[in-house]
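Each protein sequence line maps, in turn, to chains L and R. With the first letter of the first sequence counted as 1, position 292 gets the number 292 in our numbering; the numbers rise by one all the way through. If you count the second sequence from 1, you need to add 325 to reach our numbering.
It is worth saying that the hints were derived from the structure and are not from the lab. Watch out, some of these pointers could steer you wrong.
Straight line, CA to CA, 25 Å or less: simulated SDA-like cross-link-like pairs of lysine to any residue [to be verified]: (1) K971(R) <-> G738(R); (2) K221(L) <-> H342(R); (3) K446(R) <-> V318(L); (4) K692(R) <-> V318(L); (5) K221(L) <-> K692(R); (6) K446(R) <-> Y11(L).
As the structure is a prediction and not an experimental result, all values here were calculated from the model.
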Amino acid sequence: MLGYILRRLLYAMPVLIGVNLITFLLFFSVNTPDDMARSQLGAKYVTQNAIEHWKQQHGYDKPLFFNQESVGTGKITETLFYTKSVSMFAFHFGRSDGGRNIGHDIVQRMWPSLALAAPVLLLGLLTNIILAIVIVFFRGSYLETGGLILCIILMSISSLFYIIFGQYFIGRVMQLTPISGFSGGWHGIKFLILPVVIGVIGGIGTGIRWYRTLFLEEINKDYVRTARAKGLSQMRVLFVHVLKNAMIPILTGVVVIIPSLFLGSLIMESFFGIPGLGSYTIDAIRTQDFAIVRSMVFLGAVLYIAGLILTDISYTFVDPRVRLK
Amino acid sequence: MSESLLLEVNHLSVGLHTEAGYKKAIKDISFRINSGETLVLLGESGSGKTMTALAINQLLPAVAGYSSQSQVNFKHEDLLSLSEVQMRKYRGNKIGMIFQEPMSSLNPVFTIGQQIGESYKKHTQLTSKAIKAKVLSLLDAVGIPAAKKRMNDYPHQLSGGMKQRVMIAMALAQDPQLLIADEATTALDVTTQYQVLQLLKTLQKNSNMSMLFITHDLGVAAEIAHRVAVMYNGHIIENSNKENFFNKPLHPYSQRLFDVLPDIDKRDRLLKAIPGTVPPITDTLVGCPFANRCDQAWEICHKIFPKLTKVNEHKVACHLYTTDHVPTSIQHDKQTVLKKNKSSGTILSIENVKIFYPIRSGILQRKVGEVKAVDDVSFILKKSQTLALVGESGCGKSTLGKSLLQLVDSTAGCVNYQGRNILQGKNSIQLRRDIQMIFQDPYASLDPKKTIFQSISEGMKIHGLSNKQTLLSEVDRLLDSVGILKDYKYRYPHEFSGGQRQRICIARALAVKPKIIICDEPTSGLDVSIQAQILNLLKNLQSTYELSFLFITHDISVVSYLADEVAVMYLGKIVEQGSVYQLLEDPKHPYTKILLSAVLRAKKEQKTPAKLTGEQPSPIEPPTGCYFHPRCPKAMAQCKKEYPKKAQFGENHWAACHLY
Ligand code: SF4
Ligand code: SF4
């Protein structure tokens, strides 16, 4: 098992290097350091001097990959690629183009992201599984048809509608929750209720339909017939035999996104004014702060790979047939 | 044995709601089972056996429905009038059930202890400690060694035979009065099948339990039945006690079922195959359901349905026994005597072939061991003869077959064909033409998106065997020779039945005019009546085209009918080889002896086989010395130490055993 994890980590390295290199090339081929300086400084003060000054201040005054003027290892290390991109492997994200410490920001802002994303995931999972099982239990009846139609309706509505409608109706008209905002600690919960509810509802349609297919697939398997031939009730067959088997694809599908919860949700966070990493990224894109965007892309890749490894590990817990070697 | 009535099925009819509307499937069947008695429900696939079993327990899928006259009386209580909740008190309690596929019938994520214990939780008030003790004694009773440890195993950790034992334990947990076994031994190897049947018989004797045993296998029926009921197209067409049925089956279909069984006595002629296929169960035919396949049918058979009527001790549904009119012009099949090709020398010589798979482990995936799938195998295939490679699942026979076409890589050794080693290097086009293969699953080996014309003509085009003008007539000729109407050539594989698909695969193999055909269990997925058609076809083709067959199978009766020579494999090694007569009539190796005696015969007196204990070991760590010693009844001290050398008996017959 340990050997397996180490090997997976080793395999992850080339992927990360690739991601790193590609994002670096993309960013610096569309956008030279001069362009960056110009857009940061604004139209007013653009002189060549000011640009050079800005570049020096923010560390963009080096060549991309190879520094002719430097000596020894400096030829490699004193380059943009090394200082801005390779350093991320040590989680040194450096300073943003606006001058902020990105690493510090990330640590600060990931907790609000998690405070929103984690409850959405857990509550969503719970509601979707229960509703999907109920629909499967009543298969062949009008309840099933009705439920499925409702799912499709819910799926077809844009999530923006849920947000705007929720903010207007629940926040403004009924004044049950604040429209937006955030604060730490327990009294911050009131800010989270609305976005969590909307997040859960937004995912219900797709979730139920997906879990329903998983359950239906299991329900036609031979072991279900065996369980029924034992005299077990429908309830026990569904909630014990079928659920435990269907949990294998469900859980592993969930585990893969758990690490990425830290990154938050771009749209929800900016609409509800939650100071998480999602709104951080949106803001960075808006202000063209590419240092932040690059850091977030890299972080996303790292967390996704972590998710994949966790998925493999979680298989060994839920599926007795899987042993990692 | 008390002779009281336990189960009485009266006028049971089951219909299916299909896309084409409501169709009758089980058509008004009645039968009874006394306590302590085993009724075998015999029939080919699609005859309605399984549906009948599920109907008794009310486990039919939602698309099925009962007719209003249907009655299933269990000790005079009509089960069909019970609610689902009341029915649960019967299921798993008074009526136990075993299914065909032990692999998929157990829940993969619960331990076997949990799954058996569940039955006690449902039907008794026992404490969990008491349940554990019960489960333990049950596992002991069905012959699972080290039950205490095994209890915590998951199904995938057990072999097929062990899983079926677990299924039996589960079905027997509440000492049911009726056990329904649906093809319970079909998926098992012959030696395991024999063990499981003996187990069921012993358990039945101890508890006076009744059984409804569903099978397609006459040999199994002969072994376990007290009574036999034959099903065809959803009807019961014959019902009799075992002795009468096996001595003198009355219904023409039952008689044919015996005729189609391959056997050593029938080697020199074609089997009396039943033409056509079993009609779909949802078809309700006018007249006798068997009329269009019956060689004794006359006018009345196509018009009036023959009712099940009593003839002496028998019950049979056939006009032959109820009308005075005996048809005058019965056409008896001419018994074609086959000319036997004289063999002229070697066509393929297999020398010391080894196929090992590495087992890797650790961070760097270093090789830590090997699976010895095929371990130093040599034999010679003679021209226009059939060599059968026999063994139980996992013995390496299929792997060896595939390696000849380089479908798997070999580790060492060589296979000589026309002076070349065909295991190494890129094989010439000519060679790929000369050796063809037919597989067990004909559907998987035909491209579903190609018409059969395309599939068959493909090889001919590649090998330049035909030009545009002759291609059509050539394909027609091939289809004709395998018994498929040439008008069907633009159809797709899914439009054919399993037996027809296998014919198409054979036509495709023949298209390139091969010299050798490797047949990998080509009939084991087919019903016996269809198997006979295919075996006849192969036999005919062999004498017409002078083909050589390497026939890979686990089925001894097929071997006895088709093979000229036989090689028996155990754990990757050939343990005995000889001509079919030498091997079947005078087997030398203890494993061959056990294997042969475990084969259940429909007609002959059954010999009691020497008891084969334990499981086939893993080919990763084969036992020291003779691989068979842990299970061999004759094992000696020497057997643990060294692998036995070949002992020769006559010119071509040898066995690797220290006894000789
Ligand atoms: S009733 Fe006629 S067709 Fe049917 S089995 Fe008897 S003889 Fe054959
Ligand atoms: S060598 Fe020994 S163990 Fe092997 S088959 Fe012969 S008697 Fe049995």
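Taking the hints in turn, this is what the structure says about them:
no.: 1; hint: K971(R) <-> G738(R); in the structure: 19 Å, holds
no.: 2; hint: K221(L) <-> H342(R); in the structure: 21 Å, holds
no.: 3; hint: K446(R) <-> V318(L); in the structure: 24 Å, holds
no.: 4; hint: K692(R) <-> V318(L); in the structure: 29 Å, violated
no.: 5; hint: K221(L) <-> K692(R); in the structure: 37 Å, violated
no.: 6; hint: K446(R) <-> Y11(L); in the structure: 48 Å, violated
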